[in-house]
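*Asks:* Quick note, the sequences are listed as chains A and B, same order.
Heads up, the first sequence is in our numbering, so the first residue is 1 and it goes up one at a time.
Heads up, the second sequence is in our numbering, so the first residue is 187 and it goes up one at a time.
Do not take every clue at face value.
[As the list claims (entries may be wrong)] Here are the simulated PhoX-like cross-link-like pairs (lysine-lysine), alpha carbons at most 25 angstroms apart as the crow flies:
#1 B:K229 - A:K104
#2 B:K193 - B:K227
#3 A:K98 - B:K191
#4 B:K227 - B:K371
#5 A:K168 - B:K229
#6 B:K227 - B:K191
#7 A:K104 - B:K193
#8 B:K371 - A:K104
#9 A:K166 - B:K229
#10 B:K369 - A:K102
#11 B:K327 - A:K104
#12 B:K229 - B:K327
#13 B:K327 - B:K369
#14 B:K329 - B:K371
#15 B:K193 - B:K229
#16 A:K98 - B:K371
#17 A:K166 - B:K193
#18 B:K371 - A:K166
#19 B:K229 - A:K102
#20 A:K3 - B:K327
#21 B:K327 - B:K371
#22 A:K166 - B:K227
#23 A:K168 - B:K191
#24 B:K229 - A:K3
#25 B:K329 - A:K104
#26 B:K229 - B:K191
#27 A:K168 - B:K371
#28 B:K369 - A:K166
#29 B:K191 - A:K166
#30 A:K168 - B:K369
#31 B:K329 - B:K369
#32 A:K101 - B:K191
Hint data in this document are derived by calculation from the structure and do not stem from the laboratory.
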Amino acid sequence: MIKSVLLLFIVFFQIGLFSIGGGYAIIPLIQEQVVNAYEWLNVQEYTDIITISQMTPGPLVVNTASFVGMRLAGVAGAIAATAGSILSGTIISIALYKFFKKYKNIDSIANVLKGLTASSVGLIASAASTIILLAMVGTSSLKVENFHLDVVAVILFFVSLFALRKYKLNPILIMILSGIVGLFIY
Amino acid sequence: MRLQKLKVCLLLFRMTFSVSAFTFGGGYIAIPMMRKNFVHKLKLISEQELLDMAAIAQSTPGAIAVNIAVLVGYRLAGITGAIVSCVGTVLPPIVIISVVSMFYQAFRDSTIVSAILKGMEAGVAAVIVDLVIDMGQVILKEKNLLLTLLPFFVFIANFIFNVNALFIILISAILCVIQTYIKSKQGGTFG
């Protein structure tokens, strides 16, 4: 029991350490460890957990960690795996934050932070485009053959964006409302 | 003083917990939600600070939603704040997944759940696009050619050519160092 809790912590620590960029980019990385290397889940179960991850709130890596941990060693396993998956990221984030704060008066360091902000806008835009494609044409790839435009999703997107920009509505409210619309239409 | 810190920590827990409970559609959605709460509503951190935190959260390993929550917590109440925010962010997914894992097949095949989520996708997309527009405007204000072009090239590289985010982040940092070096050689007369 203690051994498997410890192993869960170590494996998810490794996954956390190498998952940069987030979102869909880390799906194969987790699969490699959880399905191929340790055989904790089979491919079907792993696909299910990704689907469930998208249905429930929370980061994919935290959801997978909780799910695998829970199945292998109950609540203690879930906590150990989750703690492992977030430990390196949080420590490195705080260290980097302190570093930039301390040296923000040095030109080149301040400029690097500006550059990271600029490229993070590009990365967020890329993530947004993936979700837009998923919502509007039901696929995240740019292949034309199964192109099926979902008019409801397009309208919902633009109405939400208008409400956000014009009336500064709370994002949580937008998500609840669009979820309710989805319930009645789909 | 102690009471003040306790209050901040309680606030952090409440905020990060509620943001995390609605982190549908990937970690990026957490950034606009944190911004709405901590920058616009509570006015506890500035817009620029949040953008810096968002950049750091993405440049470091791990879940973006957790990283940015920890940074906001750390900024407002030190290490205690970071831990409180971290627990607040991680708790909803652990509880929900633990419950769902008991009857996950029924949950996965539920048409009601998937209809709600289908609708939510469009809302999530709108919230993130709203953030991209605002962040883009902040970048443009710098009036720096490299910073203006970076988001476009990063977008094309990541979305069209699937270039790894880590590689993109490294290249961006290096380009900025080079730019500062060139500017300092020219005596910093432009930019």
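*Asks:* Hint check: K369 (chain B) vs K166 (chain A), CA-CA at most 25 angstroms. Holds or violated?
*Replies:* 40 angstroms, violated
*Asks:* Next pair to validate is K229 (chain B) with K102 (chain A); report whether the Cα-Cα distance is within 25 angstroms.
*Replies:* 23 angstroms, holds
*Asks:* Would the pair K193 (chain B) and K227 (chain B) pass a check requiring their Cα atoms to be no farther apart than 25 angstroms?
*Replies:* 17 angstroms, holds
*Asks:* Can the restraint linking K327 (chain B) and K369 (chain B) be considered satisfied, given a maximum Cα separation of 25 angstroms?
*Replies:* Cα-Cα ~19 angstroms, so holds.
*Asks:* Can the restraint linking K193 (chain B) and K229 (chain B) be considered satisfied, given a maximum Cα separation of 25 angstroms?
*Replies:* 16 angstroms, holds
*Asks:* Verify the proposed pairing of K327 (chain B) with K104 (chain A), using a straight-line Cα cut of 25 angstroms.
*Replies:* 19 angstroms, holds
*Asks:* Can you confirm whether the C-alpha distance between K329 (chain B) and K371 (chain B) stays at or below 25 angstroms?
*Replies:* Satisfied, since the Cα-Cα distance of roughly 20 angstroms is no more than 25 angstroms.
*Asks:* Within 25 angstroms, alpha carbon to alpha carbon, are K191 (chain B) and K166 (chain A)?
*Replies:* Status violated; Cα separation ~35 angstroms.
*Asks:* Between K227 (chain B) and K371 (chain B), is the straight-line Cα distance small enough, at 25 angstroms or below?
*Replies:* Violated, because 43 angstroms separates the two Cα atoms, which is more than 25 angstroms.
*Asks:* Hint check: K166 (chain A) vs K227 (chain B), CA-CA at most 25 angstroms. Holds or violated?
*Replies:* 16 angstroms, holds
*Asks:* Starting from K168 (chain A), check that the Cα of K229 (chain B) is at most 25 angstroms away, please.
*Replies:* Holds, at about 15 angstroms.
*Asks:* Measure nothing beyond the straight line between the CA atoms of K166 (chain A) and K193 (chain B); if it is 25 angstroms or shorter, mark the hint as holding.
*Replies:* 33 angstroms, violated
Checked against the numbered hints given earlier, this structure breaks hints 4, 7, 16, 17, 18, 20, 23, 24, 27, 28, 29, 30; the rest are met.
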